[in-house]
Amino acid sequence: MADTVLREAELQQAAREQAAWHRVKRRLSQVVLYPEAQRLLRAVEAENQTPNERRPDRPHERAPGHRQPRGGRREDRTGERTAHQISNLINLALAAQSPEDIAAYLDHQSRRDRLQEFYRPLVQMFQDWRTGLVTQAEQEVRAVLGTKEQPAKTLLSLSRSRFLLDLFLEFCQHLRAHHAYLIATQGGH
Amino acid sequence: MSNELLVQATIRHLLRAEQERLYPHGAKAMPEIKTLAEKAQRVFGHEKGHTSLQKLEGLALRTDLVTDILDFVKRQTGKKGSAERWQTERFGFELVALIEGPLQRRAEELAKSPALTQLPNQPYRPDELRLLVWLELTRTAISHLVAHARFAAAGQNGGR
Chain A
1 MADTVLREAE
11 LQQAAREQAA
21 WHRVKRRLSQ
31 VVLYPEAQRL
41 LRAVEAENQT
51 PNERRPDRPH
61 ERAPGHRQPR
71 GGRREDRTGE
81 RTAHQISNLI
91 NLALAAQSPE
101 DIAAYLDHQS
111 RRDRLQEFYR
121 PLVQMFQDWR
131 TGLVTQAEQE
141 VRAVLGTKEQ
151 PAKTLLSLSR
161 SRFLLDLFLE
171 FCQHLRAHHA
181 YLIATQGGH
Chain B
1 MSNELLVQAT
11 IRHLLRAEQE
21 RLYPHGAKAM
31 PEIKTLAEKA
41 QRVFGHEKGH
51 TSLQKLEGLA
61 LRTDLVTDIL
71 DFVKRQTGKK
81 GSAERWQTER
91 FGFELVALIE
101 GPLQRRAEEL
111 AKSPALTQLP
121 NQPYRPDELR
131 LLVWLELTRT
141 AISHLVAHAR
151 FAAAGQNGGR
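If you read the sequences in order, they're chains A and B.
In this text, residue positions in the first sequence follow full-length UniProt numbering: the first is 1, and each later residue adds one.
In this text, residue positions in the second sequence follow full-length UniProt numbering: the first is 1, and each later residue adds one.
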């Protein structure tokens, strides 16, 4: 009987934590992750822009200093390469068991010559999230639960790893949507 | 009534006064809403069955994130093939612009209303309030757009 009562209390606590996390994630997704996805894609786009494209007045001439990227690198004009990488990231976010899985993949990809523009900022961003954003999320969850005064209290059903994995998946979904939209924008419709 | 429900009720009350702005034929309708409603009729008015525009309405009612709605519109607008109608007359682009522009700005104003901010034991942070109001404004605007498109479709089918 005592076990059942304890179990019931644990379930209620876990439900409260899930609700608190949902609320915090809802805010962070809209206030942090959505604009962050837009910023990243803008940065990748700027990086991918060739010197020729920066001189629309004389498109037949190569701008000073223009050269083919080394190692066979080519600009991602149609966005297909980025779309493919975003698709990979979503699969990764769904399959990852821990933030280390994601960090290792990002680090590995950022060393590949053709993918540096996309992955380098991601590596930095994910590193920042592992300290800053996750701590913020944890504090917000505790504040919603009213456990601000007991920072040492352990959350039953939530962890920093869980926060990070959830946030990364949200971020990737924003990336996919915004990337498709950007390509359509550039389609000249 | 719990504090959360009180906030929802207050937001719905505030939005009642917004109907004239959000309804395309309202006395003070936002010009963007008027334009988009006309486009929705032209672009989606001839569609039969469960259209992608109706899917948008379903999502808007289900989700609690405006960014889910924006992501949906962006994905539809970015699709190739038959879904390219979201690019027709720049419908998808202008819908994103409406949600991210005038509706978001209006939500910021409404979220500062004393009716909301001075509620006792306010359970939400100011930016959460803004997001809640933005979501409700977006839902209402989308419902009106979908209704206009369906009305046009009914007219083209001879009212059947």
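Some hints here could point you the wrong way.
Unchecked claim - A short list of chain A residues far from chain B (calculated; beta carbon distances all over 10 Å): (1) 7; (2) 14; (3) 132; (4) 174; (5) 177.
As the list claims (entries may be wrong) - Partial list, computed: chain A residues near chain B (C-beta under 10 Å): (6) 99; (7) 144; (8) 147; (9) 176.
As the list claims (entries may be wrong) - Straight-line C-alpha distance at most 27 Å; calculated DSSO-like pairs for lysine-lysine: (10) 48(B) / 25(A); (11) 39(B) / 55(B); (12) 112(B) / 80(B); (13) 79(B) / 112(B); (14) 55(B) / 80(B); (15) 25(A) / 80(B).
What the hints contain is simulated information worked out from the structure, not anything from laboratory work.
Since this is a predicted model, take the numbers as computed values, not measurements.
Idealized CB from N, CA, C, for every residue including glycine.
Results of checking the hints against the structure:
1. 7: For residue 7(A), whose nearest Cβ neighbour in chain B is about 26 Å away, the distance exceeds 10 Å, so it holds.
2. 14: holds, 20 Å
3. 132: holds, 17 Å
4. 174: violated, 6 Å
5. 177: violated, 4 Å
6. 99: violated, 22 Å
7. 144: holds, 9 Å
8. 147: Violated - the Cβ of residue 147(A) stays beyond 10 Å from chain B, reaching only about 16 Å at its closest.
9. 176: Holds, because the Cβ-Cβ distance from residue 176(A) to chain B comes to roughly 7 Å (cut-off 10 Å).
10. 48(B) / 25(A): violated, 37 Å
11. 39(B) / 55(B): Holds. Residue 39(B) to residue 55(B) sits at ~17 Å (cutoff 27 Å).
12. 112(B) / 80(B): It is violated: about 41 Å lies between the C-alpha atoms, which goes past 27 Å.
13. 79(B) / 112(B): violated, 37 Å
14. 55(B) / 80(B): holds, 18 Å
15. 25(A) / 80(B): violated, 31 Å
Hint violations for this structure: numbers 4, 5, 6, 8, 10, 12, 13, 15, all remaining hints satisfied.
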